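Protein chains: 2
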Amino acid sequence: MEYIARMDLLREVLAKEDISAMIIPSNDPHFGEYVPEYYKTIKWLTGFTAEAATLVITQTGAALWTDSRFFVQAESQLQGTGVELMKLKVEGTPTISQWLKENLQEGDIVAMDEELFSYQEYTAMVDDLSPLIPSLIEDPFDSIWEDRPPLTFNPVRYLDESVTGEGVASKHSRLVEKLSGELPFAYIITALDEICWLCNIRGTDIEYNPLVLSYCVVNSENIHLFLREEVVPSDVVSKLSSEGVIFHPYEEIGRFLRNLPKDCVRIYSSGKITAKNFLASMENIYQNGPFAPFIPDPMTGGVLSNMKAQKNSVEIEGFKRAYIEDAKAQIKFFAWIRENIDNGITEHQAALKLIEFRSECPDYLGESFHPIIAFGSNGAIVHYEPTAENSSIIGKNGFLLIDTGAQYTYGTTDTTRTLALGELTAEQKDDFTAVLKGMIDLSIAKFNKGTRGAQLDILARGPIFKRGKLYMHGTSHGIGHALCVHEGPQSVRMEENSVILKPGMVLSNEPAVYIEGEYGIRIENTIVVTPWQTNQFAEFYQFETITALPINTDAVNFENLDSIEKAWLEDYNAKCATLLK
Amino acid sequence: MEYIARMDLLREVLAKEDISAMIIPSNDPHFGEYVPEYYKTIKWLTGFTAEAATLVITQTGAALWTDSRFFVQAESQLQGTGVELMKLKVEGTPTISQWLKENLQEGDIVAMDEELFSYQEYTAMVDDLSPLIPSLIEDPFDSIWEDRPPLTFNPVRYLDESVTGEGVASKHSRLVEKLSGELPFAYIITALDEICWLCNIRGTDIEYNPLVLSYCVVNSENIHLFLREEVVPSDVVSKLSSEGVIFHPYEEIGRFLRNLPKDCVRIYSSGKITAKNFLASMENIYQNGPFAPFIPDPMTGGVLSNMKAQKNSVEIEGFKRAYIEDAKAQIKFFAWIRENIDNGITEHQAALKLIEFRSECPDYLGESFHPIIAFGSNGAIVHYEPTAENSSIIGKNGFLLIDTGAQYTYGTTDTTRTLALGELTAEQKDDFTAVLKGMIDLSIAKFNKGTRGAQLDILARGPIFKRGKLYMHGTSHGIGHALCVHEGPQSVRMEENSVILKPGMVLSNEPAVYIEGEYGIRIENTIVVTPWQTNQFAEFYQFETITALPINTDAVNFENLDSIEKAWLEDYNAKCATLLK
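Chains as they are written, first to last, in the numbering used here: chain A, 172 to 752; chain B, 172 to 752.
Derived from the structure by calculation, the hints contain no laboratory data.
Do not rely on the hints blindly, as some may be mistaken.
With a cut-off of at most 25 Å between alpha-carbon atoms, the simulated DSS-like pairs for lysine-lysine come out as follows [what the hints assert, rightly or not]:
| # | chain 1 | residue 1 | chain 2 | residue 2 |
| --- | --- | --- | --- | --- |
| 1 | B | K637 | A | K620 |
| 2 | B | K524 | A | K637 |
| 3 | B | K752 | A | K637 |
| 4 | B | K491 | B | K524 |
| 5 | B | K258 | A | K737 |
| 6 | A | K260 | B | K673 |
| 7 | B | K524 | B | K567 |
| 8 | B | K260 | A | K349 |
| 9 | B | K258 | A | K637 |
| 10 | A | K620 | B | K258 |
| 11 | B | K349 | A | K260 |
| 12 | A | K637 | B | K567 |
| 13 | A | K260 | B | K620 |
| 14 | B | K503 | B | K349 |
| 15 | A | K433 | A | K349 |
Values in this document were obtained by computation on a predicted structure and should not be read as measured data.
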């Protein structure tokens with residue numbers, strides 16, 4: 172079997188360096204949600220394709236840790252590879268370090284790729300692994316992985332202020348103002364969406380996300396941008412240079428960090444940095460005596476990430492335009508579904524059709540994530556992604572859950588509608604109505620400045636709780652502007668997140684009900700935090716809904732909505748109709 | 172002026188020890204909400220009577236830190252004393268250590284009473300004060316405070332299982348089970364309500380709270396109880412001794428802690444302990460080499476505190492009985508108010524009348540806190556406490572806010588009703604209805620196991636937010652069983668509190684609206700977390716309301732309630748009527 176052979180190739184490489192085991196995570200050096208094929212070493216080694224896993228290989232065995240979303244997939248894909256499945260959050264599952272200590276001897280070396288572990292993860296692992304010896308190594312795959320897909324460095328687009336609402340020099344100066352203390356600083360940015368937002372650039376280096384493979388180091392004077400300069404059109408180079416951006420090759424980030432002046436405070440944006448880059452950034456200090464401290468990002472969730480999350484009015488107008496374009500396509504799509512339902516279309520065919528309708532808009536750039544089109548019991552699988560090989564026929568009776576989004580030049584969308592097909596049971600209608608009720612109740616919330624997402628979560632979840640049901644995911648994630656469909660730092664979920672909601676933050680609003688083996692219902696709009704009123708009591712905020720896609724009422728049990736909810740639904744659908752005229 | 176003379180007496184005592192300043196907090200060694208007169212040294216020194224303050228005295232000056240609730244009172248009471256008022260949380264107010272560093276010289280000694288600072292507060296202050304020299308001292312007031320009220324050690328009552336639902340031996344063994352690790356331990360309890368709950372005893376040593384001045388140290392074998400043994404009836408001594416309690420004099424706690432075996436792990440219940448007792452507990456380890464560690468209480472909020480908070484069915488039945496008795500008295504009281512309104516009764520007279528009605532019940536022991544009976548604009552002062560000297564006449568038009576509670580042998584009550592007197596404006600009715608709506612919406616919540624109070628707060632606060640208003644206090648505090656009316660560790664408030672809500676936890680439910688200078692509205696019921704259902708989704712809880720006092724509907728704008736809220740109100744008032752028959 173090819174996978175066993177590949178693992179043995181890796182074992183040989185490691186053995187030459189006296190390495191007893193290697194821990195292989197599934198992320199890349201930028202710690203984003205999507206990872207270039209180049210970094211998909213777990214898939215190459217084992218055939219396991221899910222996005223979240225950690226593989227550990229020793230000279231005699233291998234084990235893979237993943238979470239409950241992927242247990243079934245892992246059991247099937249790992250068959251015959253000899254890789255042991257370790258179920259995260261299941262009683263009795265050892266941690267990676269426990270397992271390694273059971274399988275290795277004191278003093279054995281455990282390798283970790285210096286570019287795939289954040290410095291914090293690495294130091295935590297060092298503590299856990301003792302008495303084993305941790306060792307940071309370079310990527311060992313180049314020599315053994317034939318036809319390894321290269322990293323792609325595709326052309327970069329520059330977004331002007333008609334799209335971003337703010338130039339790079341202005342963003343830079345606002346960032347500097349928030350960071351400046353008494354000492355000079357270097358703000359080191361690893362996350363690609365933060366860099367793209369700061370520099371008003373977009374690319375296509377990562378699937379579904381208009382990102383540019385890059386690093387960034389900001390000081391009071393300049394933005395040092397590390398990317399493949401050849402992919403930047405010369406007018407963009409001129410434009411950005413005039414706004415204080417200095418270009419460096421992508422591969423030069425390490426050398427630049429090693430040469431950071433001793434007396435400059437190192438600040439790591441959002442706290443994210445690879446072990447390799449962290450150590451490089453501290454080298455001058457380690458070698459020439461301590462001088463400047465390094466400090467965590469001074470704001471909960473990150474200074475830059477918070478700036479990015481608070482959209483300006485131009486960005487919000489772009490979002491609204493994108494939602495209108497997207498609604499036009501989806502309305503055609505829903506009609507197409509209903510017209511073709513008798514022909515036995517598959518979920519995957521439907522997804523392709525939706526893309527076709529979206530493509531009619533000249534500003535459409537692509538999907539913002541893998542379309543989730545899930546009929547019946549597939550709707551209850553939260554991470555269901557129909558493919559050409561694996562897709563069900565859409566039936567005539569039941570719920571069809573459609574959670575998709577698109578990238579437009581002026582905005583990113585993320586919308587879920589659950590179509591009611593044929594006959595529904597009273598239970599199904601009551602579930603649909605509870606989900607809708609939760610979605611509305613969060614939409615109409617008023618709250619004071621300082622409110623955190625966890626305080627509002629019950630508004631969306633409460634009506635579902637009252638049916639004795641519960642969805643296990645968050646209610647709201649942030650959405651990037653013409654960027655990643657999932658972004659931080661804000662959220663609305665059961666778990667505490669100390670980030671407060673601020674005007675301009677864009678969030679999904681997506682309560683749900685999942686009945687395993689039967690159906691899934693999710694309704695997702697996008698909402699923006701906006702000022703409501705300031706008085707002697709407080710500064711108050713509310714949400715504005717910016718999705719423009721009507722909500723079908725076939726499955727609504729109106730008896731279960733109160734008068735305010737009914738009025739909201741009527742107004743919302745009327746507003747959408749006006750917008751789509 | 173007597174206060175200046177008293178402060179000078181203290182300065183003389185301090186000067187003899189070369190002490191430049193003393194920091195005097197307003198708590199006692201047990202860190203409870205109410206403090207015996209013996210410890211009210213700030214009141215004796217300055218005339219300031221509010222419960223939360225810190226006084227700092229130097230050889231030449233004095234300053235007092237307090238929060239916004241007490242600014243007006245402090246300005247009036249401190250007049251002529253020369254004590255500078257330091258307004259907490261007001262921009263420009265120095266911290267105590269900043270102020271001391273400005274007023275003293277490097278190396279000057281700053282004294283703190285070793286029994287009034289927790290070890291954590293003391294060490295934090297040590298860090299802050301540098302380069303001043305902190306020094307723990309004994310209470311210096313005995314020699315200068317003539318007629319200092321003594322500590323009271325009143326007779327102790329034992330509550331049998333018909334009231335507590337669980338004997339001491341059983342509580343001890345459950346506690347031991349939760350604390351036992353591999354090493355022997357000593358669980359050191361400073362909080363009086365925790366001791367009273369564990370030992371099933373009650374006293375009258377603290378105002379409004381049926382507490383016994385005591386300390387406790389628990390190990391696997393025994394409960395060592397430190398109190399004045401002479402106040403314990405001999406049958407109670409025998410009973411408790413048979414359940415594993417070993418009696419020691421109150422004053423022996425220090426010696427006992429100093430002699431704790433070296434190899435026993437010190438655990439401080441709820442993390443609370445005086446600097447003196449902490450240092451005593453570590454003396455054997457400091458002197459004879461490190462051996463056992465000391466650890467914080469292993470459970471968020473404290474193991475014992477969590478056990479105490481989850482009431483058993485006998486305790487809950489006791490609460491219900493108490494609420495029925497209390498409702499009977501309050502109904503008579505409300506009628507009396509309406510009958511006598513034309514006679515010009517004061518809030519204080521009304522409070523005495525309510526106590527008179529409550530005293531008709533033979534099981535009534537006293538109030539559970541200072542009655543708040545506040546007419547009109549007084550209702551907007553959250554900490555308003557009418558006294559014989561300071562009390563307004565109850566007018567004919569407006570809201571009368573009545574927040575009172577009582578101690579019965581089988582339970583503690585805390586209830587607020589806002590009576591609508593005469594004519595109200597539409598705005599007043601809408602505010603009243605919003606408060607009621609919030610109270611109801613929290614009452615009918617359903618939620619899953621693991622929910623924290625901050626997740627539910629918006630249910631009570633939301634309807635008030637929707638009117639652009641906000642109350643700044645929490646929505647819910649815990650209530651002790653025949654114990655303190657305020658108890659932890661659970662709460663429902665805007666701030667994150669990681670304690671999860673568990674069945675048997677009793678909470679207030681008290682949203683409010685305050686219009687400064689005009690009126691205050693608060694409606695407060697008591698609710699208990701109870702199991703609802705367990706299914707494939709989760710274990711779900713709900714609240715049961717145990718207050719038995721109807722809610723007057725004169726001020727309700729029924730248009731603003733939805734059908735579920737209306738039904739709840741009707742059912743609740745009907746249920747109360749049945750209970751009170």
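Take the C-alpha atoms of K258/B and K637/A, compute the straight-line distance between them, and say whether it is at most 25 Å. Roughly 45 Å separates the two Cα atoms, so the pair is violated.
Pair hint outcome, K524/B versus K637/A [Cα-Cα no greater than 25 Å]: Not satisfied, since the Cα-Cα distance of roughly 43 Å exceeds 25 Å.
Assess, step by step, whether the Cα of K433/A is no farther than 25 Å from the Cα of K349/A, and give holds or violated. Roughly 22 Å separates the two Cα atoms, so the pair holds.
Can the restraint linking K260/A and K620/B be considered satisfied, given a maximum Cα separation of 25 Å? Since the Cα atoms of K260/A and K620/B sit roughly 17 Å apart, the hinted pair holds (cutoff 25 Å).
Take a quick look at whether K260/B and K349/A sit within 25 Å of each other, Cα to Cα. 23 Å, holds
Decide if the proposed pair is consistent with the structure: K258/B and K737/A, CA atoms, cutoff 25 Å inclusive. 49 Å, violated
Checking one constraint from the list: CA of K491/B to CA of K524/B, max 25 Å. Satisfied? 23 Å, holds
Under the criterion that the straight-line Cα-Cα distance not exceed 25 Å, is the pair K620/A, K258/B satisfied? OK: K620/A and K258/B at ~23 Å, within 25 Å.
Would the hint linking K752/B and K637/A be met if the CA-CA limit is 25 Å? 32 Å, violated
Taking only the CA atoms, is the gap from K637/B to K620/A under or equal to 25 Å? 14 Å, holds
When you check the alpha-carbon spacing of K260/A and K673/B, does it fall within 25 Å? Holds - the C-alpha atoms of K673/B and K260/A are around 23 Å apart, at most 25 Å.
For K349/B and K260/A, compute the direct alpha-carbon distance and say whether it is at most 25 Å. 23 Å, holds
Figure legend: structure checked against the earlier numbered hints; hints not met, in rising order: 2, 3, 5, 9, 12 and 14.
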